[in-house]
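S.K.: Protein chains in written order, with the working numbering: chain B, 1 to 503; chain Z, 1 to 152.
For the record, the hints were derived by calculation from the structure and aren't laboratory data.
Any given hint could be a false lead.
To be verified - Here are the computed distance ranges between Cβ atoms for each label pair:
| no. | chain 1 | residue 1 | chain 2 | residue 2 | range |
| --- | --- | --- | --- | --- | --- |
| 1 | B | Thr470 | Z | Phe85 | 46 to 56 Å |
| 2 | Z | Pro146 | B | Ala194 | 21 to 31 Å |
| 3 | B | Pro387 | Z | Phe85 | 19 to 29 Å |
| 4 | Z | Gly29 | B | Gln342 | 42 to 52 Å |
The C-beta atom is built at its ideal place from N, Cα and C for all residues, glycine as well.
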Amino acid sequence: MDIFHNLLLGFGVAFSPMNLLFCFLGVLIGTLIGVLPGIGPTATISLLLPVTFGMNPVASIIMLAGVYYGAMYGGSTTSILVNIPGEAASVVTCLDGYQMARQGRAGPALGMSAFGSFIGGTLSILGLMLLAPLLARLALKFGPPEFFALMVLGLTMVTYLCRGSIIKGLIMAVAGITVSTIGQDPISGTTRFALGSITLMDGVGIVPAAMGLFGISEVLTNIEENIKQEVFTTRIGSLLPTLRDWIDSKWAIVRGSLIGFLLGILPGSGTVIPTFISYAVEKRLSRHPERFGTGVIEGVAAPETANNAATGGSLVTLLSLGIPANVVMAVLLGAFIIHGIQPGPLLIGKHPELFWGTIASMYIGNGMLLVLNLPLIGIWVKILKIPYQILFPLIILFCFLGVYSLNNNIYEILILIIFGVFGYFMRKFGFEGAPFLMALVLGPMLETAFRQSLLYGDPFIFFKRPISATILGVSLFLFATALFPGIAHRRKKLEKELEEDAL
Amino acid sequence: MRFPDFISGIFWLCFGLLLSLWSTCYQIGSIVQPGAGFLPLILGILMILLSILLLVKAKGASRATKMPASSSLPGGWKKVIYTVFIMLLATFLFEFLGYLLTFFLLLILLMRGTGPQKWRTTLLVSSFSAFIIYLIFVLLLKQPLPKGLLGI
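Please work from the sequences and hints to get the whole structure.
M.R.: Right under this line is the structure:
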C-alpha cells in the first residue's frame, strides 16, 4: 500500500498548475528537438540548465525529464517521413517506417510509434517505481569500493557498446577522466592542470563540454557534408493504426517494453542499443523475417517502444544509486547537483516529493505526448522544411546562450568551441563522444571513491568485498572478451550478425 | 597501415606522455595514501599503453580495411574553418558589442557565409531571433547578458 500512498503524493505534486505547465513545456521542447536533426536531448538539457536556476527543483527535474522522453517521441517523426533519424535512438525506425511512408502508410506508422512509445514509456515508469526504491535500499550498504566498481562497470559498458574499436572507446574514457581532474582535487584541494586560469580552477563544466561535443561538433560535421532534407510530400492520412496493425504489433510492443527497460537500467547502454536489439529480436521471432525492411508495422512498433521504455530504465540507476546510466542522465545529474540535491540511495527518503512527483509527472507527460503528437505532426513536418543553413546558426546561438548564462563567463564559451572542434576531429578519426562525456561526469566521483577505498589500507580491497569483486569481475570479463583476439573475433561476428539482423 | 589511426595514435601517445610527466609535479603519494597526482599518473600510463595498442593495430591493418569514405563535400572544410572563426570572433566581441548586436551579426555571418541565402531571409531570421532572445532571456528570465554598445 506504501506505493499507492507515495504515488498519491506524487500525483498531488505533479498536478500542481506550475508543475503541469513545466511538464508540458518539457515534453513539447523534447518533441521539437527530437524532430530536429542535429540537436538532441543532451545538448537541450544542458541548454535548459541555466533556465532552471530560478525554478524550484521539482519543477526543473520534471521539465528536464520531459525533454528526454519527449525527444524519443519526436525522433520517430523524422525517421518515418524523411528517412533522417531525428535522434540516434530512431535510426532503426527508418528501416520500416520510411518504407511504410513510401507505401502511403505514413499515418499508421506515426500513430503506432506514438502509441508504442506511450505503452513502453508507461510500463517502464511502473518498473522504475517498483525497482528504484528496492535498489536504493540495497545501495545503502554500499561503501566507496562498491561505488567505484559500479562506475567502472558503467564506463566499461559505454566503451564496450560504442561502435567500432574498443581501444578508441577506452582512450576516450581515459581522456574524459583526465579532463575531469582539471581543477581542484576533491580530497586534498590541490589545484591541478589549471594553467593559472580562474575558470579552469573550478574544473571543466559538463555543460560546455556536452554542448561542444554533441551540439557544435555535430553542426560542424553537418555543414561539411551539407545534409539535404527532403520531406515526404504525400498525404499522411489517418494516424490511427488498423486492427490488423495492432494484432501484428502487440507482442512487439510487449517485448520492446521489456527489452528497453531492462537494457536501459544497464549502465552505458542508453536508448540506442535497445532499439537495435528489439528490432533484431522481432525479426528473429517473426514468421516472415524477409518482410522486415519493406515496411512492416512491427519494425516500427518494436524500436519505438524500446527507446521510450529505456528512458524509464535509465532513470532507475540515477535516482537510486546516483550513477548516471548514459550521457543524458549524466547531464541530468548535473541538474540535480545544481539544485543542491545529491541523487543516490538517500534521495527517495529525503526528497519523496521530488522522486514521486517526477514519476507521476512522467505518467502525465506520456499522456500529454500522445495527445500532443498526433494532431501536431503537421506542424513538425513544416519545421522539418526549415533549411539547415538557417537552422545551424540558431543551434550555435543557443549553445552560446546556454553556456554563457550558466556562469556569465565568456571563457566557458571558449571551452565550448574547443570541445566542438575536438569533437569534430574525434568524429573524423572514428572516436565517439559518449565515453568521454560519461567519464568526464563520473571522473570526480570515481576519483573520490577510488582514493577513499585505498585509504582502507589495502590495495586489493576492491576484490575482497563480494559486491565490488563481482561487479569488477563483470567489467574485466567484458574487457577480456573485447581485447583478446579470439573472443574479439567472435564479438565482431556477433555484432555483424546483429546488424545484419537489424538491416 | 591505417593512416588516420596512426595519426590519432601518435596524438594520444604524446598526450599520455605529457600527462604522465605533468602529474609528477603534484604529490603522488603511495598506493594506500594516494595524493593529487596519483590518478593522473595512472591515467597517463594507461593512455600510453592504449595509444601503443592503437598504433600497433593501425600498423597491422591492411589497406583493404581503411576507414569508410568520408561523405564530406569538396571544400566543405572551408565552411568548417569559417564557422569556427566566426564563433571565436563572436566570443571575443561578445562583451564589447553586447549580446543583441553579437547574436545578430553571428547569425547574418553564418547564414550568408556558408551558402547562398537571400538577404531578406537572413535579415528577417536574424532580427526576429535577436528579438525573441531579448524577450525570453532578458525580459522574462532576467538573465544578465552583456549589454555592450547598445545598452539594452
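S.K.: None of the hints should be skipped; say for each whether it holds.
M.R.: Each hint, compared with the structure:
1. B:Thr470 with Z:Phe85: 46 to 56 Å: holds, 52 Å
2. Z:Pro146 with B:Ala194: 21 to 31 Å: At roughly 25 Å between Cβ atoms, Ala194 of chain B and Pro146 of chain Z fall inside 21 to 31 Å, so the hint holds.
3. B:Pro387 with Z:Phe85: 19 to 29 Å: Since Pro387 of chain B and Phe85 of chain Z have Cβ atoms about 22 Å apart, the given range 19 to 29 Å holds.
4. Z:Gly29 with B:Gln342: 42 to 52 Å: Violated - the Cβ-Cβ distance for Gly29 of chain Z and Gln342 of chain B, about 27 Å, lies outside 42 to 52 Å.
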